[in-house]
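Peer 1: The primary structure of each chain is shown beneath.
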Amino acid sequence: MTASTVEEAVETTVATRARPAPARIPMSRIVAVELRKSFDTRSGFWLMAGIAILAVVATTATILFAPDDQLDYEAFATAVGFPMAVILPMVAILSVTSEWSQRTGLTSFTLVPHRGRVIRAKALVALVVGVTSMLLAAAIGALGNVVGSAIAGVDTVWNVSAQELGYIILANILGMAVGFMLGVLIRNSPGAIVGYFVYSLVLPTVTTVLAETQEWFADKQPWLDFNYAQGSLFEGSVSGEQWAQLGVTGLVWLVIPLTVGVWMVLRSEVK
Amino acid sequence: MITVDSLTKRYGGFTAVDDVSFTARPGRVTGFLGPNGAGKSTTMRIMVGLTPATSGTAEVSGRRFADLPNPGLEVGVLLDASAQHAGRTGREILTIAQRTMGLPRHRVDEMLDRVSLTPTEAGRRVRNYSLGMRQRLGIATALLGEPEVLILDEPANGLDPAGIRWMRDLLRGYADQGGTVLLSSHLLHEIEVIADDLVVIGQGRIVAQGTKAELLASAGTLVRTRDVPALADALAAAGLTFSHLTDALRVEADPDVVGQVALGAGVALTELRAADGAGLEEMFLELTAETQREGVAA
Chain H
1 MTASTVEEAV ETTVATRARP APARIPMSRI VAVELRKSFD TRSGFWLMAG IAILAVVATT
61 ATILFAPDDQ LDYEAFATAV GFPMAVILPM VAILSVTSEW SQRTGLTSFT LVPHRGRVIR
121 AKALVALVVG VTSMLLAAAI GALGNVVGSA IAGVDTVWNV SAQELGYIIL ANILGMAVGF
181 MLGVLIRNSP GAIVGYFVYS LVLPTVTTVL AETQEWFADK QPWLDFNYAQ GSLFEGSVSG
241 EQWAQLGVTG LVWLVIPLTV GVWMVLRSEV K
Chain U
1 MITVDSLTKR YGGFTAVDDV SFTARPGRVT GFLGPNGAGK STTMRIMVGL TPATSGTAEV
61 SGRRFADLPN PGLEVGVLLD ASAQHAGRTG REILTIAQRT MGLPRHRVDE MLDRVSLTPT
121 EAGRRVRNYS LGMRQRLGIA TALLGEPEVL ILDEPANGLD PAGIRWMRDL LRGYADQGGT
181 VLLSSHLLHE IEVIADDLVV IGQGRIVAQG TKAELLASAG TLVRTRDVPA LADALAAAGL
241 TFSHLTDALR VEADPDVVGQ VALGAGVALT ELRAADGAGL EEMFLELTAE TQREGVAA
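Going down the list, the protein sequences come from chains H and U. When the letters of the first sequence are read in order and numbered with full-length UniProt numbering, they come out as residues 1 to 271. When the letters of the second sequence are read in order and numbered with full-length UniProt numbering, they come out as residues 1 to 298.
Bound conformation, chain H alone (with noise of 0.2 Å):
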């Protein structure tokens, strides 16, 4: 080692001086890096596009294809609501999982060390992209709504309600929570995609032809399955009665699914 090399180097790296310690990293900044890590690669950049660009294409589509008397705001918003229904978890998986498929959580998990914080932060994202998301195909809805029924010559007819809205995006957001716990709990981008797939596919398939045969199970279905449960959300009324099913079933097979992931991620080893 050459002395003109030791003095070049002093001038550029390491300070091991007596340094205060550091400010604990906000959780705001956590928030804002998963935030970034959404968009930042070009999967998760055309993920989010695809948001905007499937709300735009089931628009056009309910334009051109609908018949004239059935050009309404729940047309519109039916046609924009389910690309938002298979994107919006798919959003959630990933966001989660990729920190151990693409092996990313051995930065992200040093850099923060507590899992937790990140944890909630992908919950926080996941949340607000959701809820961005969904304001947006219904704004994207809402502008087919008045341009379909200027086109085709009708009345333009909104027949969804506000709380009607409401009810749709917290049915998505369930959705994306869903998404999330499969994300903690399988923690691998492929597995966490087929087993949404499952439950939300061939889960009800094999519920509906549970409940035709076994009258048993069909008395108890709202109070038993959270898919069912939750298709009072999409009627646009919610009962108190229906609220509560909706709570048990999602307890079941949402809340308590999650709280053993996340305690899963939490002792879980980061390979």
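Please keep in mind that the hints were generated in silico from the structure rather than gathered at the bench. Check the hints yourself; a few may be wrong.
Claimed, not checked - When the alpha-carbon atoms are kept at most 20 Å apart in a straight line, the in silico SDA-like pairs for lysine to any residue are as follows:
| no. | chain 1 | residue 1 | chain 2 | residue 2 |
| --- | --- | --- | --- | --- |
| 1 | H | K271 | U | T15 |
| 2 | H | K271 | U | T8 |
| 3 | H | K271 | H | P190 |
| 4 | H | K271 | U | G37 |
| 5 | H | K271 | U | R10 |
| 6 | H | K271 | U | F14 |
Unchecked claim - Listed next, the stretches of chain H that the computed footprint assigns to chain U, with coverage defined by at least 3 CB atoms under 8 Å from CB atoms of chain U:
| no. | stretch |
| --- | --- |
| 7 | 110-119 |
| 8 | 220-227 |
Glycine included, each C-beta is placed from N, C-alpha and C at the ideal position.
Dock chain U against the given chain H, drawing on the hints supplied.
Peer 2: Structure of chain U alone, referenced to chain H:
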């Protein structure tokens, strides 16, 4: 300063890390040496809180890693250069770290420059990076917060000879300014040229530790002769401890003592020298002979 105290990690009945204790001191490069699967990476993951220990403690700058308020500013960590999102650009990966640590934006460019990644390379996605480029990016991430402590797992993997030289100079300069460097390797020569202190691990247990000078001194004398049995008898008669190597003897005594014994016994020597360099390698092979996969080679 890194202090590891009685660290143990068990997976069911398998003990990956077995009562490991050592200290990596400021101003020194500590080499963590061991064959593959010896428990180096597990020990390092425990240090930074990625793997829970079964028992024992690891502290960095006097605190548990999880108690560091902003670890990136105090400890630079590189455990696996390939553990990055393949779809992010090198610059983006550094930017995420810079934001998390709350550092000014210009640090990213400074670090890219420091590890010799060009702006074009930094703009490429990591899936197109060679392992050497990933190592440079990982080093940049570790150095970003100007930490006092570096924990690097096999940082020279995938680097070309010039890159290895660059890494060596960088870490040397870092330690010379008072930084603490812990780096692991399964390659003895790599560690030998850079480390001041050595911790040798095999099958989860520490088999030797000390300064490189101490470990070299204990390596004794290497002696060659055409008449090995005669020299062996003479050494045994002189009460010296020695071991048989492939084509030589390693004696736990100074070269002049061995020379005197050989002269007294009238055995002609073909070589007589302090068992440094190659000696450390023989020590490494010997220390890990029982634990390495290839079995006893020497």
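Peer 1: None of the hints should be skipped; say for each whether it holds.
Peer 2: We went through each hint and held it up to the structure:
1. For a cut-off of 20 Å, the pair hint linking H:K271 to U:T15 stands: about 17 Å separates their Cα positions.
2. For the given pair, H:K271 sits about 18 Å from U:T8 by alpha-carbon distance, which is consistent with the 20 Å threshold.
3. A distance of roughly 18 Å separates the Cα atoms of H:K271 and H:P190; the hinted pair therefore holds under the 20 Å criterion.
4. Taking the CA atoms of H:K271 and U:G37, the gap is near 14 Å; set against the 20 Å cutoff, the hint holds.
5. Of the pairs offered as hints, the one joining H:K271 and U:R10 holds, with about 16 Å between alpha carbons and a cut-off of 20 Å not exceeded.
6. At most 20 Å may separate the alpha-carbon atoms for a hinted pair to count; H:K271 and U:F14 meet this at roughly 18 Å.
7. Counting residues of the stretch 110-119 of chain H whose beta carbon lies closer than 8 Å to any beta carbon of chain U gives 5, which meets the minimum of three for the stated coverage.
8. Counting residues of the stretch 220-227 of chain H whose C-beta sits closer than 8 Å to any C-beta of chain U gives 0, which falls short of three, so the coverage hint is violated.
Hint compliance for this structure: hint 8 is the single one not met.
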